[in-house]
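Colleague: Chains as they are written, first to last, in this note's numbering: chain A, 1 to 154; chain B, 1001 to 1169.
Hints may be right or wrong, so weigh each one.
[Stated by the list, open to error] A few chain B positions that, by computed beta-carbon distances, are all more than 10 Å from chain A: (1) W1042; (2) K1044; (3) L1072; (4) V1084; (5) H1107; (6) S1152; (7) S1156.
[What the hints assert, rightly or not] Subject to a maximum C-alpha distance of 27 Å in a straight line, what follows is the list of computed DSS-like cross-link-like pairs (lysine-lysine): (8) K152(A) / K1041(B); (9) K90(A) / K1067(B); (10) K43(A) / K102(A); (11) K1067(B) / K102(A); (12) K43(A) / K1149(B); (13) K43(A) / K1056(B); (14) K102(A) / K1122(B); (15) K43(A) / K1067(B); (16) K1083(B) / K1122(B); (17) K48(A) / K1047(B); (18) K1155(B) / K48(A); (19) K48(A) / K139(A); (20) K1067(B) / K110(A); (21) K1056(B) / K1122(B); (22) K110(A) / K48(A); (23) K78(A) / K1067(B); (24) K1149(B) / K1056(B); (25) K134(A) / K1149(B); (26) K134(A) / K1155(B); (27) K48(A) / K1056(B); (28) K1056(B) / K1044(B); (29) K110(A) / K1083(B); (30) K1056(B) / K78(A); (31) K1041(B) / K48(A); (32) K152(A) / K102(A); (33) K134(A) / K1122(B); (34) K134(A) / K110(A); (35) K1044(B) / K48(A); (36) K48(A) / K1067(B); (37) K90(A) / K78(A); (38) K152(A) / K43(A).
The set of hints was computed from the structure by calculation and includes no laboratory data. Think of the CB as a built atom: it goes at the ideal place given N, C-alpha and C, for glycine as much as any other residue.
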Amino acid sequence: MLPSPPQRDEHGRVIPHDHIDVLSSDGVIRRVNPQQHVVLDPKSETGKRISSIWLSSSTGVSVDLLRPIEEDGVDARKFVTTPVYVGSVKFIASDLRTAGFKIGFDPIAKDDPIDPENPYHGLLWGRLSSTRFKNLLAKAEWFVPIEGVALKQP
Amino acid sequence: MNAISGFRNSDSSVWNSREPVNNIVAFGAMHRIVVFDANYKWIKPTKDRLDELVSKLVPNWDGYGAKPVNFLNAHFAYQILEKVCLETTPPPSIVPGSAGDLQIEWHTNRMDIELHVLAPNKVHATLNLMMADGLIREEFIELENDFTKVTSWVKSLAEDDLAPIASAA
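Just chain A, same shape as in the assembly:
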């Protein structure tokens, strides 16, 4: 079942909130573009890792809410790699909240003039320090791995 509809401002933007229907144990997916999000770091296990800007945005970080995807019988791995080929990382909602994020619901309709349709779209609001970013990734796991890229931060 989808979370209840979020409140929006006069421009139709979702107002930052921490949605009660996103449970502590829920999975939250963030897609990774291997051509754009990956940086070289000699401290990393493989010499490559994900940049911190991947989890940073003043307007909210886009994610996919895993439980409603699965409840709808949709293949989640296929869903998050369509239409652009991307890797993805899975977080647990409680870990995101502990790091300081609010987790909101922001479904995107089929007729949205800007963004691609995504009924399971969510947003994260918050700002992570480098230390918190590393700690958060230490608890995360690959959902769709990218070969040669380390998830754990040095």
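Guided by the hints, dock chain B onto chain A, whose structure is given.
Modeller: Just chain B now, with coordinates in the frame of chain A:
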């Protein structure tokens, strides 16, 4: 005194050598001064990368409707680099954000420098430095137009390349 910064007219061997001196070549007795595009190793890959992010990054490149990098943000990022980089500074990684922003990054064995350009004159700068005792010192500053602090960070990148890693000792 010559008005052009970096012009070494007190050294006649350099003056007459026709070799670039801080991007400037002098011919004979100052009949012509030719200013070359700087040959610093970070410039070309940086220009190419910024051009790619502004003009070749397709909309929805992240699967969530992200935009290409905003030209003004890319231009401001290049202006920052012109101010803070030395001839020996390695090319940075440049990573797009989802809202037309971008991040400039350098990572070495002991240092991480990240400059998140949210908009012109709105930059979040972070330094992570591994200290001799193995602990990480993190510094975060919000910047508008004074990048003096970042200049000192970037300068120490070259020194870091040569220094032993404290934690590996």
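Colleague: For each hint given before, does the structure comply? Return the numbers of the non-compliant ones in rising order.
Modeller: 5, 8, 10, 13, 15, 22, 24, 29 and 34
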